[in-house]
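Asker: Residues per chain, in single letters:
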Amino acid sequence: MSHETPLGSSAPHASCLDLWRERNDQLVRQAKVAQGLSLRRQQLAQDALEGLRELLHCLQGLPAAVPVLPLELIVICNFITLRASLAQGFTEDQAHDIQQGLERVLETQEQLEPRLERGLSGLWDSVLHSSSLLPELLPALHHLAALQAALWLSTDHLGDLTLLLQTLNGSQSGTSEDLLLLLKTWNLPAEESDAPLTLQDARDLRDVLLTASAYRQGLQELITGRLSRALSSLQEAASGLCPQPVLVQVYTALGTCLRKMGSPQKALLYLVSALKGGSTWGPPLLEASRLYRQLGNTAAELESLELLVEALSIPHSSEAPQLLIEVELLLPPPDPALPFHSGTQSQAKYLLASRCLQTGRAEDAAEHYLDLLALLLDGSEPKFSPPPCPPGPCMPEMFLEAAAALIQAGRAQDALTVCEELLSRMSSLLPKMPQLWGDARKGTKESPHCPPWVSATYLLQGHAWVQLGAQKEAISEFSRCLELLFRATHKDKEQGPASNCDQGCTSDVALQQLRAAALISRGLGWVASGQDTKALQDFLLSVQMCPGNQDASFHLLQTLRRLDRRDEATALWWRLEAQTKLPQENATWSLPLYLETCLSWIRPHDHETLLEEFQTSLLEPRDL
Amino acid sequence: MVGLTPRVDYLAGFCCPLGGLAAGKPRMLCLGAEIFLSTGSELVYVYDRERGLLTAVYKFPGQVWHLELLALRRALYVLCARRGIYCLSLDQASRSVSQDDGDDKDDGDDGDSEDSQDGEPPSSVIPVDPDACVLPDATLCTFTVLDDVLITLAQGPTQWKMQLFKCPCPGEDPRPRGQIGEVELSTCIPPAGSPREPTAPHFLPVLCCVSPQGSRVLHSHLRGSGGFTLEETLFGLLFGADASLLESPVILCGLPDGHLCCVVLKTLVTSRLAPGDPKALVKILHHLEEPVVFIGALRTELLAEDVEESHSDCLVALGHHGRTLVMKASWDEAGNLVPVLREYCLPGPVLCAACGRGSCMYHSTPSDLCVVDLAWRGTPWDPTQPDGSPGGLPSLLCPTTLNVCSVVTLSVSPRAPEGGAELLALSAKGRLMTCRLDLNSETPCPTRVTAANTGQKIKEFLSGIFTVSERVSSLKKAVDQRNKALTCLNEAMNVSCALLSTEEGPRPISCTTTTSWSRLQLQDMLTATCLLENSSDFSLDQGWALCVQVLTSSRASELDLASSAVTYTIPVDRLGPGSRWEVTLPLGPGEDGVLDLPVTVSCTLFYSLREVVGGALIPSDSFNDPSLDEHSLDVLPEQEGICLPLSKHTVDMLQCLRFPSLATPHMQAPGPLSPASDPVDTFLGACLGPGSELAGPASLQAKYLPPSVAAIKMSVELLRATLGDSHSGVSLCCATLQWLLAENAAVDILRARALSSVQGVAPDGTDVHLIVREVVVTDLCLAGPIQAMEIQVESSSLANMCRAHHAVIGRMQAPPHTLRIREPAS
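For the record, the sequence lines run as chains W and L. Residue numbering for the first sequence follows the UniProt record's numbering, starting at 1 and increasing by one per position. Residue numbering for the second sequence follows the UniProt record's numbering, starting at 1 and increasing by one per position.
Please note that the accuracy of each hint is not assured.
[Said to hold, decoys possible] Label-pair ranges, simulated between beta-carbon atoms: (1) L158(W) to L396(L): 56 to 62 Å; (2) S124(L) to R41(W): 27 to 33 Å; (3) S469(L) to D93(W): 47 to 53 Å; (4) N490(L) to D93(W): 49 to 55 Å; (5) D93(W) to L396(L): 45 to 51 Å; (6) N297(W) to K279(L): 31 to 37 Å; (7) K279(L) to Q166(W): 35 to 41 Å.
[To be verified] From the structure, some residues in chain W lie toward chain L, with a derived Cβ separation under 10 Å: (8) Q43; (9) Q46; (10) A87; (11) T91; (12) L377; (13) C394; (14) M395; (15) F399; (16) R425; (17) M426.
[Stated by the list, open to error] Restricting the straight-line Cα-Cα distance to at most 30 Å, the calculated cross-link-like pairs of lysine-lysine (DSS-like) are: (18) K459(L) to K476(L); (19) K59(L) to K166(L); (20) K161(L) to K32(W); (21) K32(W) to K166(L); (22) K534(W) to K472(W); (23) K161(L) to K59(L).
It is worth saying that the hints were derived from the structure and are not from the lab. These numbers were taken from a predicted model, which means no experiment stands behind them. All residues carry an ideal CB built from backbone N, CA and C; glycine is no exception.
Excised from the complex, chain W in its bound form (with noise of 0.2 Å):
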């Protein structure tokens, strides 16, 4: 046989076998040297992997034989190891890989009828199943089942990946399902000492699957509720060996399956192992915030989440990934959907400014708002932060948010100042004003459609001076902001492709309250002038605009009796009555924030008092 031998003349008598073996041996140094993240030493790993595709190459030019098996099972272990921590992952090439050292197998088995159609979970079979299966293939073999199992675990294909490992595990545990059973009692064939050497060594390789496994399991079973058997996946997972990273991931998975499972101390304490044990702080943190939040200490949650914020403005340091399968390559693809992403410093920052908002921090809030819209419009140098992700308020939404906290907060002059940013930061996307092409049209076309947030923009810039005690500039901006809505037809709803948060953030119900929202304002601010019957008017239309809303109701209430129209009091106080009375089921709309916080400013102080209060006033005249 004369074939050239990758080594040269370096060593002249020995046989091809020991050429063989000692390039993959020096190929292996030379990756576990290259760990790094400099360049030289990536090139060196991408060396090392161009190294055994050639020896591989080498190898299976030659018709399969039995002395060689071993070197060759070990070369393709060692290639797929390095190729797909290279790639950090696996894709179909190491299936394919493996598939070829399988036949080569079946080739020294004489076993060469034709199984294209049988697929890999079938050609495992027939070479396990083979009777001349010769002992001491048997190492080199469940190492490459090893990276199979990695390969099948990070794909989802747990019913092969079962099948396989009953196999390797013999009749007598067959009948188990269980995957982490079967992974426990793989009996790994100890390897010779004379070996070829490896990259990561079989019994490592099980070890990371049993954790990557358990904690996939572990969530899995979070997701779909089933606690118990999360709880006891994922402590199997946190006792196994893992990285740090990846053990903060199990803690706070833990700390979550036990906040749901209604043992927020355990749950604490798993959250407080996760914060000391990593860098990774964010998701913990994150987690420990909905445990406060649940337990009803907002001063702990607020601070979570501060915390969080400063966390994640720390940059995240990237390690070097090891040139080896670890349970971070075997874990599912990140997933928004989960409540493990701690997410950006601004997505945190704009949670902790909401929730104070909500709390009634105001602020705070304003506080946090106003750092927020910086950190995201700071253009003097590209800092890049995302708005919180879907289904977050979009952009516009946020700046109402801010302008709202900031007039909870007493600071009308800086809500202004936030609303024309907002507008004139949105000029050019605005319609012009009617006065503008209104001569030219006649009024014979329908009028612009406009973003609801934009009439929103006029709400809260008319509470704010309302709030500066400007009744006039207030009364201005309503009107403006109900002339806007009022045009908003539903049919002109689908607009460009621009508006596709504006869809998303406003349904009909908030759309339905903003106006009513706007009408009382602009009522209120009629009151407060002294005009009472132009008052009247914009109650009674926010009545018949939005009939459950009883804000408006008790509004025009008090307004039928300061114009002293008895009957039409009467009757309403009547039906009032009726309502209050019935259960209160549509109390459960989701409604912008920043509409939440207006409806709560215009809202009629004591209900109770007032109807009592009307109840006797109405029923002394009956009494004369």
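Following the hints, position chain L against chain W.
Answerer: Positioned in the frame of chain W, the structure of chain L alone reads:
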């Protein structure tokens, strides 16, 4: 704008592979007087226009796919195929000329207008230090740079992946300072085959960075690297309120599958802990349905006098076949702002394109360089005008030719003359040239020829001759090809007419089919020989093929007729008038030894349009981009062509019978081997004597079962009339038998021996006995007994008896003029 004649000057020539440069990969950028150029090879050239020479040539370890300049930092970013992104500092690198051992790749010569090989010594090639690689990634396909962010597009196994990196600077720690964001363009599936494989992708994706008008990103360097500033209105409409509010640049991405999508850059801050949701981050603007080769922006509306800086108000995307998407802001009937997306068609295939500062887009095809003006000269948007074209877009794009062909990369020079434009172009032959256009030219008044400008004039003429000659040669080639195709088509039409117009009598082109037994590879095989005879005045040339369809009878009843028939297509290689051509095909029996009779052999002439016309449809120029061929040929379906049926021949049992009993020593009739039999079996069978010569399973049946018999009676009168004179001299019985077996190879022996009964062997080895005798039929007719001929078919196999019977019936039912006994072969 009609009749634009650009002034073309040649600057330099660069080496190009045989057959010219391929489009798609060459790149060219301008920075001041310097031109950075890559031709798709490993080299990047730096050419100084003022000095008229090459100042540097960099050699990279692989093909260069993309260049970007960061003017502020004087850095050149280079994407090297399957390696990654390299960064060169322009100040430092161009000075540090290390002497390389005269690399033969260095072909950039320094003549300023002609290919003067002996100008200045060629500048030396600087191999690029591997440390200059700032982002090693073998899967990168393209990238762009914005300020200090590097935006890359990599081809994953199943998805395109966009990644953001902090831009590393030359001289700093070359390691990328970390990924800022990443998103997968999940809806867009890249073509199969990862770029790791040796075949380079035909089309690279295109990235383009678009900033809103108010953005604080400096415009000067955006301009240099393929970025644009867009008017706020269109920006907001296309990319949404969030992008407008954030004043974030947007990356437009045109993919080879035709998708045009956008990513708002400021939203793309993701990490492993905060994965990006492609649905939220990536928006698909359009699907062009052909590879996107260019994205650019234009200013279509005239600016008011007082506005200083112009921003583009119109986005353009160009597909490979010329499909063009134009996006502009407009007002609908209700007065709402809407984005208008309109598709046009420009002549393709588009090799490259460029946008200038005004309203003109330039695009190059193999045969021409065209300029398209999208300027809107009507009143600015007016919703009252009902017939106003939406968005102020022209209803049709009219490209104006510039008479320059096969430009593979284009760049609009920043130093445009007043009221005109200057283009830098690299032709497929590797020539770098400038084209100066006077966009608002009146008829140029003849200038006085002075001594000073005579030289200039001569230079211009020479340049003009170069352009024209290059163009002429490419056009000539195309015309030749078309002429050839037309000649072929004409010939084909003649042949078709000749064949289709003859209904009676011998056809000018005929095909006769005969069958015979021959021994192939120890197995007897029935072969059909189709003889194509051209007695017309035309010749069958390239493009013609003879299609022979063999349809076996058992399948004929089944529904999947098309799949069971076997069709052989044999190209006819020039069959002149009066010549013949023979094709022999095996009919069976197959491996199972079964031959399902009767077999129908249909011969058809087929003329492939694809083969003949296809060549003329491809632009003749040697753009060795294989995709060009594929795509233009898609116009013709695979099966498109002319189909002329010639003959249909049925091979039945009577033709396939063999008569070993008649075999004479001098005749080479093949012995009755049972199909696929072992020679040893044959030998043993022969030893056992004549009684057991049938070695198949049918022998038992033959021994113990009475043979099946069928008899057909036919009036002697009729038979006489049918046979005509040819039976004179022999008894009617013998003549009948000869008539039945007329198409069998053994008919001559029959004739010689004057037999009236014969024992034959069917293809499967069972015997078939044919006996012809005269009988009198009494019970058929009242007028009395009728003289009749009885044909008795006898076989131990019922199936064979039936087949033979069927064949005899077939003979009787055939129209009279076909019932001619073949003349004895003399």
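Asker: For every hint, state whether the structure bears it out.
Answerer: Structure-based check of each hint:
| no. | hint | verdict |
| --- | --- | --- |
| 1 | L158(W) to L396(L): 56 to 62 Å | 59 Å, holds |
| 2 | S124(L) to R41(W): 27 to 33 Å | 32 Å, holds |
| 3 | S469(L) to D93(W): 47 to 53 Å | 50 Å, holds |
| 4 | N490(L) to D93(W): 49 to 55 Å | 53 Å, holds |
| 5 | D93(W) to L396(L): 45 to 51 Å | 49 Å, holds |
| 6 | N297(W) to K279(L): 31 to 37 Å | 35 Å, holds |
| 7 | K279(L) to Q166(W): 35 to 41 Å | 39 Å, holds |
| 8 | Q43 | 7 Å, holds |
| 9 | Q46 | 8 Å, holds |
| 10 | A87 | 9 Å, holds |
| 11 | T91 | 5 Å, holds |
| 12 | L377 | 7 Å, holds |
| 13 | C394 | 6 Å, holds |
| 14 | M395 | 4 Å, holds |
| 15 | F399 | 7 Å, holds |
| 16 | R425 | 5 Å, holds |
| 17 | M426 | 6 Å, holds |
| 18 | K459(L) to K476(L) | 25 Å, holds |
| 19 | K59(L) to K166(L) | 26 Å, holds |
| 20 | K161(L) to K32(W) | 29 Å, holds |
| 21 | K32(W) to K166(L) | 29 Å, holds |
| 22 | K534(W) to K472(W) | 14 Å, holds |
| 23 | K161(L) to K59(L) | 28 Å, holds |
Every hint, counting from the list given before, is met by this structure.
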